[in-house]
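Whenever a hint applies, use it, and build me the whole structure from the sequences.
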Amino acid sequence: MQYAISILLSGISLGGQYALIAIGYTLVYGILRLINFAHGDVFMVAGLLMVYLTSFLGGILPPAAVIPAGLLLAVVLTVVLGFVIERAAYKPLREAPRMSVMISAIGVSYLLQNLATYITGGLPQMYPEIPGISKTITIAGVPTKVVTVVTPVLVLVLVVALTQLINHTKIGMAMRAAAKDFETAQLMGIRINAVISVTFVIGSFLAAVGSVLYFTNYPSIVPLSGALPGLRAFVAAVFGGIGSIPGAVVGAFIIGISESVIKGSSWSIFSDAFTFALLIVILVAKPTGLFGEKVTDKV
Amino acid sequence: MLKIENLHVSYGGIQALRGISLEVPDGKIVTLIGANGAGKSTTLRTITGLVKAGSGSIQWNGEELLGKPIDKIISAGIAMSPEGRRVFADMPVLENLRIGAYLRKDKAGIEEDIKWVYSLFPRLEERSWQLAGTLSGGEQQMLAVGRALMSRPRLMMLDEPSLGLAPLVVQDIFSIIREINRQGVTVLLIEQNANMALKIADLAYVLETGNITMSGTGAELLANEKVREAYLGKNG
Chain A
-2 MQYAISILLS GISLGGQYAL IAIGYTLVYG ILRLINFAHG DVFMVAGLLM VYLTSFLGGI
58 LPPAAVIPAG LLLAVVLTVV LGFVIERAAY KPLREAPRMS VMISAIGVSY LLQNLATYIT
118 GGLPQMYPEI PGISKTITIA GVPTKVVTVV TPVLVLVLVV ALTQLINHTK IGMAMRAAAK
178 DFETAQLMGI RINAVISVTF VIGSFLAAVG SVLYFTNYPS IVPLSGALPG LRAFVAAVFG
238 GIGSIPGAVV GAFIIGISES VIKGSSWSIF SDAFTFALLI VILVAKPTGL FGEKVTDKV
Chain B
58 MLKIENLHVS YGGIQALRGI SLEVPDGKIV TLIGANGAGK STTLRTITGL VKAGSGSIQW
118 NGEELLGKPI DKIISAGIAM SPEGRRVFAD MPVLENLRIG AYLRKDKAGI EEDIKWVYSL
178 FPRLEERSWQ LAGTLSGGEQ QMLAVGRALM SRPRLMMLDE PSLGLAPLVV QDIFSIIREI
238 NRQGVTVLLI EQNANMALKI ADLAYVLETG NITMSGTGAE LLANEKVREA YLGKNG
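Respectively, the protein sequence lines represent chains A and B.
Here the first sequence stands for residues -2 to 296, numbered as in our numbering.
Here the second sequence stands for residues 58 to 293, numbered as in our numbering.
Calculated directly from the structure, the hints in this document are not laboratory data.
Worth double-checking, as some hints may not be accurate.
What the hints assert, rightly or not - Dumping the calculated DMTMM-like pairs for lysine to aspartate or glutamate here, alpha-carbon to alpha-carbon at most 25 Å:
{"#": "1", "chain 1": "A", "residue 1": "Lys167", "chain 2": "B", "residue 2": "Glu169"}
{"#": "2", "chain 1": "B", "residue 1": "Lys129", "chain 2": "A", "residue 2": "Glu180"}
{"#": "3", "chain 1": "A", "residue 1": "Lys167", "chain 2": "B", "residue 2": "Asp147"}
{"#": "4", "chain 1": "B", "residue 1": "Lys162", "chain 2": "B", "residue 2": "Glu120"}
{"#": "5", "chain 1": "A", "residue 1": "Lys177", "chain 2": "B", "residue 2": "Glu152"}
{"#": "6", "chain 1": "A", "residue 1": "Lys167", "chain 2": "B", "residue 2": "Glu182"}
{"#": "7", "chain 1": "B", "residue 1": "Lys60", "chain 2": "B", "residue 2": "Glu121"}
{"#": "8", "chain 1": "B", "residue 1": "Lys109", "chain 2": "A", "residue 2": "Asp269"}
{"#": "9", "chain 1": "B", "residue 1": "Lys129", "chain 2": "B", "residue 2": "Glu80"}
{"#": "10", "chain 1": "A", "residue 1": "Lys177", "chain 2": "B", "residue 2": "Asp147"}
Printed below as a string of structure tokens:
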């Protein structure tokens, strides 16, 4: 029983972390019809930024201020990174065939991974302990980190905030309009490039928050640390119906819990195989995913 | 006044406009008629900035529009109801109207104009909370016009407003266009239904494969032998 609870807890926590990444995939896809392959690597960079920032800030700030300042800066810099990637690698290709943008995204992904290899020398970097969420507590007799409990709550808060933003603000209205029809949105006076930038900013912000939660659980960061979580989150977004925010969240929790259950069984080694088999099954059986809309290509 | 001079546009290796010049005087209804592919839509899309033009000049009250970003052109007082209506199908009618006022900051004015649009199209008010995708074709056209009006334009451009609508509905749409014009909005209309368009137009231009081949008042072109043959049918 305790074993089951601990598996469920870690699955929910993992699912929440995937959800924060998956939303970034789904938002960008919703507006640009682009699978942003670099998104998982942005998540990895967010983790590395925190490592380097805390060690740098440790030399100049009082100890109590290092982590909060590091968190703040890491999130801000990740957001800037997402913004710059879009402006430098995707915006110049706005009129190009979609495949070119996709290839550019793959290029950015490798660029970030190789940069990380260069900077870290390929050595795993230890994510700093964050007071408060790194502590161990006991739930129903199961010892776990506070982050396990914090994650689903934080995900819920962020998703509700994001939904409010999208449904009840002007920029949200512009995002919804741009997701449906670029041209008509522009005829309303909506600046498409501004909307796209906002989308990348939101996606990178959520990935940065996700990285804090994820790397607190799995503190060793290597240049490929973003690749697999990114892929799993991508599968989650497709599973839920790419373009749909609730879909991405539900998909992520399903993927996270399945992963945790399989890792806790004697089939542990097949956990990723299962995730990607799930991708194939969903693509064959219901290509639009759980909450996906009919595929309508934008003109 | 909108004044286009020697406008050349080509895209995809095709010359869509080969140096057209035309004028849309304030307060008038001007129509551009012509066959499919003559360049009518391209003209409107170039004015809004959706199509980045090759060369020439588009002056709006003395201000050059060519090369300006779309949002600047919209806020200069030009709006367009696009071909095929292109309403936001999964937004309610009211939100479609609000998005038409996207660039405006005057909240009170926006509320007032929603009432104004609803008074022009009472059927939209009845369907205020209905998703735009569930409206009939005619209602969607009204919504597209209403949405464009929400930016409070001085020049309203309509791309094929009668396309695919039943004759009675077309009558409705055209009487609304006249009403909008009476309330002081200049109208630039492109239509395949040349008969209807010429009847309400003060000024008309005929566009053929990227060139303006004829112009005159609506009545003049209605009476013109060539126009009757090419665009109105023998009995038009």
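These are the hints, each one checked on the structure:
no. : hint                   : verdict
1   : Lys167/A with Glu169/B : 19 Å, holds
2   : Lys129/B with Glu180/A : 15 Å, holds
3   : Lys167/A with Asp147/B : 16 Å, holds
4   : Lys162/B with Glu120/B : 23 Å, holds
5   : Lys177/A with Glu152/B : 14 Å, holds
6   : Lys167/A with Glu182/B : 22 Å, holds
7   : Lys60/B with Glu121/B  : 10 Å, holds
8   : Lys109/B with Asp269/A : 48 Å, violated
9   : Lys129/B with Glu80/B  : 21 Å, holds
10  : Lys177/A with Asp147/B : 9 Å, holds
Hint 8 alone, counting from the list given before, is not met by this structure.
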